[in-house]
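Colleague: Sequence:
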Amino acid sequence: ELGFKIGERTVTIAKLENGDLRPSDQTIAKLEKELSIRLLEEVKEVPAGTQKGSAATFTLGDFIKTDK
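Going by our numbering, the first residue of the sequence shown is number 295, and it counts up by one from there.
No wet-lab data here; the hints were simulated from the structure. Every residue, glycine too, gets a C-beta built ideally from N, C-alpha and C. Hints should not be assumed to be uniformly reliable.
As the list claims (entries may be wrong) - For each label pair, taking beta carbons as the anchor points, the in silico distance ranges come out as:
no.	residue 1	residue 2	range
1	Glu328	Thr353	16 to 26 Å
2	Leu329	Val305	16 to 26 Å
3	Gly297	Gly355	52 to 62 Å
4	Glu295	Leu315	10 to 20 Å
5	Leu334	Ala308	17 to 27 Å
6	Ser318	Lys338	16 to 26 Å
7	Glu339	Gly313	18 to 28 Å
8	Ser330	Lys309	20 to 30 Å
9	Gly297	Arg332	12 to 22 Å
10	Val305	Glu335	20 to 30 Å
11	Ile358	Gln320	43 to 53 Å
12	Thr304	Ile358	54 to 64 Å
13	Arg332	Thr304	19 to 29 Å
Please work from the sequences and hints to get the whole structure.
Modeller: Shown next as structure tokens:
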């Protein structure tokens, strides 16, 4: 039924549900509209190692200090 509503084959919907197929941007947009949900979110890109307290700057020494 969902496949019919968004113009996709039942086999395609089953593959999407099982994780065997990654949906195109067009298919994602149709699913979001039909189901009234957001499947993608905008991610702010931060250069590696510039965010204070990020995993990239966490060292073994930091772990030992916080373990006490």
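Colleague: Would you mind marking each hint as holding or not holding in the structure?
Modeller: Hint-by-hint comparison with the structure:
At roughly 47 Å, the beta carbons of Glu328 and Thr353 sit outside the given window of 16 to 26 Å. In this structure the supplied range 16 to 26 Å holds for Leu329 paired with Val305, their Cβ-Cβ distance being about 19 Å. For the pair Gly297 and Gly355, the beta carbons lie near 54 Å from each other, so the given range of 52 to 62 Å is met. Checked against the hint of 10 to 20 Å, the C-beta distance between Glu295 and Leu315 comes to roughly 19 Å, which is consistent with it.
The given range of 17 to 27 Å is respected by Leu334 and Ala308, whose C-beta atoms sit roughly 21 Å from each other. Our hint of 16 to 26 Å for Ser318 and Lys338 holds, since their Cβ atoms are close to 24 Å apart. Taking 18 to 28 Å as the suggested C-beta distance range, the pair Glu339 and Gly313 conforms, at roughly 26 Å. Taken as a hint, the range 20 to 30 Å holds for the pair Ser330 and Lys309, whose Cβ atoms sit roughly 23 Å apart.
As the Cβ distance of Gly297 to Arg332 is approximately 20 Å, the hint placing it in 12 to 22 Å holds. The hinted range of 20 to 30 Å is satisfied by Val305 and Glu335, whose Cβ atoms lie roughly 28 Å apart. Judged by the Cβ atoms, the range 43 to 53 Å given for Ile358 and Gln320 holds: they are separated by roughly 50 Å. A C-beta distance of roughly 55 Å is found between Thr304 and Ile358, which places it inside the suggested range of 54 to 64 Å.
Taking the beta carbon of each, Arg332 and Thr304 are about 24 Å apart, inside 19 to 29 Å as hinted.
Comparing the model with each earlier hint shows a violation of hint 1 alone; every other hint is respected.
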